[in-house]
Amino acid sequence: GAGVSQSPSNKVTEKGKDVELRCDPISGHTALYWYRQSLGQGLEFLIYFQGNSAPDKSGLPSDRFSAERTGGSVSTLTIQRTQQEDSAVYLCASSLAGTGLSEQYFGPGTRLTVT
Amino acid sequence: GDSVTQMEGPVTLSEEAFLTINCTYTATGYPSLFWYVQYPGEGLQLLLKATKADDKGSNKGFEATYRKETTSFHLEKGSVQVSDSAVYFCALIHTQGGSEKLVFGKGMKLTVNP
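Chains as they are written, first to last, in the working numbering: chain A, 1 to 115; chain B, 116 to 229.
The shape of chain A in the complex, shown without the other chains:
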């Protein structure tokens, strides 16, 4: 079946512009996660959604970052006024139940370059 999909696969933007990254989780998966992969920081957690519960936003690095999940499915990560340090690969993952035991399935990522 279809895995987690993300779009765009690559995004180049100028410093100061806003960007939106999209994630389509596996159908039926109630838990959705965003991570960031960068050379300096490795893989970092950004945000967690589970069903209709309030999201855990504790990993968002600044208030320029926000995310939403509409209808319990598609999620959008928005970065406002992008900075060069935002350059990274943004990974989305989903899991069946978010119980800590169910596997997280990762998408291919969006490579963001801020010039």
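Rather than coming from a laboratory, the hints here were simulated on the basis of the structure. One thing to keep in mind: the hints can contain errors.
Straight line, CA to CA, 27 Å or less: simulated DSS-like cross-link-like pairs of lysine-lysine [what the hints assert, rightly or not]:
(1) B:K192 <-> B:K175
(2) B:K221 <-> A:K57
(3) A:K11 <-> B:K224
Dock chain B against the given chain A, drawing on the hints supplied.
Quick look at chain B alone, frame taken from chain A:
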């Protein structure tokens, strides 16, 4: 807070060599432990996992045993292949207050030469 420390490499081995990638963790309680692999040009995928002490996860000839006494989850393979060339990440699952997240090590790039 919870953390994972692993060998970072890069490491280059010859085909059929023995592989060990060390991983230790710091956590409250006994979290599930994972090894994820990222092949060139591909997304992150689960290689194996263990959910409690003394569990052994295994897949594709790789093995790792959850050692509570040494807080370790070392990855081993007896005979690597060129196709094992990838970046390997050790991780634990941190759960708190209804939330959960994977906490990753820095990753280790492995290159296997024929």
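Checked hints:
At most 27 Å may separate the alpha-carbon atoms for a hinted pair to count; K192 (chain B) and K175 (chain B) meet this at roughly 9 Å. Taking the CA atoms of K221 (chain B) and K57 (chain A), the gap is about 22 Å. The hint holds against a cut of 27 Å. Distance restraint check for K11 (chain A) and K224 (chain B): the Cα-Cα separation of roughly 25 Å lies within the 27 Å cut-off, and the hinted pair is therefore satisfied.
Figure legend: structure checked against the earlier numbered hints; every hint is met.
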